[in-house]
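Visitor: Residues per chain, in single letters:
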Amino acid sequence: MSAHESSWTLRRLHAGELPTQEAHRVREHAEACEACGATLRSFVDAQAAFEAEVPFEGFEAGVERARARQAAREPAARAQWARPLMAVAASVLVLVLARPLLESGGRADPVPPPGTGNRIKGGAGAELRIGGGVDPQRVANTDAPEALQPGERVRLGYTADAYRFVAALSVDAQGEVTPLYPESGDSLAVEPGAGQHWLPESVEFTGAGTERVVLVLTDAPVSMDALSDTARKAFTAAGRDVTRMAPLDVPGAQTQWILLKP
Amino acid sequence: MTGPTPLALKVVPSRSNEDRRAVLRELYVKYGGSVRERCRYLLKDASRAEDAMHDVFARVIVHGDSFREEASPLTWLMKIATHHCLNQLRSEGAAWKKWFARDEAARSEGHGGAEAMETRDLVRKLLARVDAETQAAAIHYHVDGMTLEEVAAVLGRSVPTVRKRLEHFAELGGEELSVR
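Going down the list, the sequences are from chains A and B.
Residue numbers for the first sequence, in the working numbering: 1 to 262.
Residue numbers for the second sequence, in the working numbering: 1 to 180.
Just so you know, the hints here were simulated from the structure itself, not pulled from any lab data.
In this text, all values refer to a predicted model and were calculated from it rather than measured experimentally.
All residues carry an ideal CB built from backbone N, CA and C; glycine is no exception.
Treat the hints with care, as some may be off.
As the list claims (entries may be wrong) - A short, non-exhaustive set of chain A residues, derived as facing chain B with CB atoms under 10 angstroms:
#1 Glu5
#2 Ser6
#3 Ser7
#4 Gln21
#5 Ala23
#6 Val26
#7 His29
#8 Ala49
#9 Glu51
#10 Arg67
#11 Ser223
Just chain B, with the same shape it has in the complex (with noise of 0.2 angstroms):
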């Protein structure tokens, strides 16, 4: 016989399992459905989404210290969620083209009647036209309804700072746009 005896097992549980199960939970009846929304509106692609969902999720529990000293995790979820498809469509290079064909075919799953739909696609479709950052300025300003103080607070940018972003997105897309 060779190596060592066969060993009894000592099985030391993952402590932290029946933690981790409970927060999923909360995290799915309070966030699930946004973050998804979120993920669908930029891959306009339901099964990436959701790989894309599950990828923002990971993160939460991997970075639960954080995440827990969040004054506000639904901020928090989307700012992840939103980097997260955006880097997934700029790391995919020429496939903006693709992405922008998909863009007739795909309706948002957005709210607040037509004409929100309508500023919703509009976005969405400029995005490619423009940096990393106004990118999600324009995103949160837009398509969440956050104020310039709050999407300054998420991007960590001064609120002129996130203005002229926003006011440069508006002259590629109109008068629908603009920043109040």
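Extracted from the complex, chain A is given alone in its bound form (with noise of 0.2 angstroms):
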């Protein structure tokens, strides 16, 4: 056995990352032997000398350039590999939706282009509009993922046709869900009147990453407390990922878009 301790096991010791009794024999050992003392108190001085250097608002706003930075590059990744998701994702949307039509033979909208309002259910659709910020006021798209600018908010519209009662929740990259409309309860009776509505007011997402968005119309009203359950085990079942999530189990029919926060 050395006489000394390494110098990583002392390191750990100053990270306060060894067990409890080996911390304690580490410590001993290194009070008394000179060169392990040096060595630990080396590790103390240059934390010293870095936080002298570096005050934690400048590292902290460091950091989270980085992240910025980091988020940034993902998209183009991710782009590749998630675009064939998001059309699994709406093709199970169409199937699901165009039976009934079918079977009634009743009218089937045709698939919306990409890039358009979502049309999910005879005249039911969908629509995330971005605004707010510099660039002007678009649709976003619901088969890649939407860059939002600095500033920029959301709004969501629905035409409901059939449907009864409209919710919309968000999911982040952590899997954090946030009941939007509405916070909490069951979701909202439709607006009276045909056509497309808007749930009041923006939405900004503060911030960075990624963000699902989905808007759900059902026949009958849903908790919001179970809509956002089912949501997390999507996100779950998704290995964690959000941008692989599976439409949520619900009744209904839904839309969900892919927010890239800046």
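Hey, can you piece these two chains together into the complex? The hints should help.
Guide: So, in structure tokens, the structure goes:
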């Protein structure tokens, strides 16, 4: 056995990572051993120098900038595989909703071209509009992640057709679910009248990273707690990758968008 | 008037802002000095080292879940920092030569007296002559002072494999880099 502790062990002691008993033993050794004591002190000195030269606020700002840079690079890398996945999600939606129309001999709307609002049942549809930033307002794609610019906000619209209730929530990259409309209780009754209705207010997503927005139209009210649970399950089932979530397991129709926060 | 009517603003706060700040502060206090030291040792440029350090901690924030599951966050961070800096040097391609040129001017940020300083300098000078895995093994073994078992665990290789790589590395540097 070496007479000295390894510098790695001493570094782990300094970081507070050693189990209590081992920490006690190594600390005692370092107090008695000149070489190990010097090494341990050098770690303390290095950390002190670091803190003196790089204040926490500067460190935090630097990390946030790095995180933003990494997030900006991520969409390009992900877009290549995210597209087919989104296409799968969309085709599930079409299959589920097209069948009743075919059975009843009803009119089926043409499959919407990418980049438009998403029509999901007869005259039903949903739209996510982005605005409030420097760029002109635009409608978010449902088949590819949509990058948000700083300050941009989101507004959700729907055309209910035969559906009677509407709800929306979002899921971030960590799997945190935020009920948006409504924030609690049961889903909202749709506005009377044909045509598109806008959910009140606009929404700004702060922070950075990916956010999935889900709008659900249903025939019966849905509890937001239950809907949130369903979203969490979908997130877990997707391997905790928010970009790979399948449609939520709820009856009715739904539209999903992926937003890339600035 | 065109477009939607002016909209009242509803802010959905980032749920983890405060959590993230607390995590960052803990990382800063516990590991900031070590990670910066590793980045400076490899990149030999204070400004680039600071950027690299920020990149490493940003990865912790992005991959928070897997980081929290690590038995030794220090090991994870030093592995990521080493990998990140070596990748950066490698991506510069021909810059290896420049990197050598800087070697004479730069002093390492190491510890452990003159002998350890010399070993660290020697390791750094030899890195460009071996493959990526041997580079990482040599740094973790000779600079971090990990045991063979610890290096093997970090690299996900067997101890004999790591020993073989380090012995090859030692052939380039002589007795000072022998593997015990």
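Visitor: Hint by hint, where does the structure go against what was stated? Just the numbers, ascending.
Guide: Of the numbered hints given earlier, those the structure breaks are 4, 5, 6, 7 and 11, listed in rising order.
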